[in-house]
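I would like the entire structure built from these sequences, with the hints used as guidance.
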Amino acid sequence: MPRQRRPLDHPSRRDSFGSAPEDEGCASKLTQSGVGQVDFAAIFKAAFALVVGLDPGFLAIVGLSLRVTLSAVLIAGLIGLPLGAALALARFPGRSVVIVCLNALMGLPPVVAGLFVFLLLSRSGPLGPLGLLFTPTAMIAAQVILVLPIVIALTRQTVEDLWSEYRDHLRSVGLEGMRAIPTLLFDGRFALATALLAGFGRASAEVGAVLIVGGNIAGYTRTMTTTITLETSKGDLPLALGLGLVLIALTLAINAVAFGASRIGARYAG
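Sequence positions in the sequence shown follow our numbering and run 2 to 271.
Calculated from the structure, these hints are not laboratory results. Beta carbons are placed, not taken as given, at the ideal position from N, Cα and C, and that holds for glycine. Be aware that a few hints might be false.
As the list claims (entries may be wrong) - Computed spacing ranges between beta-carbons, pair by pair:
| hint | residue 1 | residue 2 | range |
| --- | --- | --- | --- |
| 1 | A91 | G54 | 50 to 60 Å |
| 2 | T233 | H170 | 53 to 63 Å |
| 3 | L128 | A206 | 23 to 33 Å |
Right under this line is the structure:
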């Protein structure tokens with residue numbers, strides 16, 4: 002007589018590594034004591050201790066997240082800045098359609114980007130032999146797909162505005178068409194820095210894509226956002242909240258830098 006599967010063995014109760022939780026309370030410690038009995042003060046205290054205590058595991062998660070996100074933004078910038086500038090200056094049939102599609106891709110659902118990269122890197126995919134699935138490289142690729150449309154679209158708008166303003170002057174010194182791209186990119190560097198920061202914000206808060214292609218493997222592909230998702234479901238609220246505080250700090254820092262860059266750009270323009 003076949004053994005009946007216990008509720009604990011159901012795949013939906015397994016963690017990101019495919020092993021069953023050690024006890025039924027691992028799904029959520031909140032359900033054991035009730036939401037009303039959660040000691041929020043203790044949770045905040047423990048979360049703050051993790052942040053200021055420089056816990057090695059905590060720092061490893063933050064470090065991996067920053068490496069993946071910064072790498073994705075760097076790659077997207079190297080590709081997107083010249084492409085956006087070229088799109089701003091080029092005139093060809095279907096240009097309006099390209100711009101509309103590009104603007105639409107700025108809101109690309111992360112899970113769709115993750116699924117696309119997963120299909121490319123899976124064993125049966127065209128890039129399967131490279132063995133990149135469930136690695137930080139796959140996570141970077143997914144984030145590049147998310148950030149690239151933002152960088153291209155914002156660069157196009159910035160360069161197009163600059164070209165409209167300085168067209169006659171640039172033509173008078175022999176800079177026309179694609180030859181004007183380096184000058185326009187340099188002149189709009191502060192606005193373009195804001196575009197890169199917008200891409201960084203998009204990538205740093207992303208969950209779905211990196212979860213699909215990274216696998217949320219502890220010590221290897223586990224980022225801040227995926228850890229928050231996992232640890233909240235397990236009931237480890239101090240760790241989840243501590244990482245959340247770091248994300249909030251990053252968001253504030255990004256907005257502060259973007260605001261400063263825009264102010265400096267306006268001052269130089271004035």
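Evaluated hints:
{"no.": "1", "hint": "A91 - G54: 50 to 60 Å", "result": "holds (53 Å)"}
{"no.": "2", "hint": "T233 - H170: 53 to 63 Å", "result": "holds (55 Å)"}
{"no.": "3", "hint": "L128 - A206: 23 to 33 Å", "result": "holds (27 Å)"}
Consistency with the previously given hints is maintained throughout, with no hint failing.
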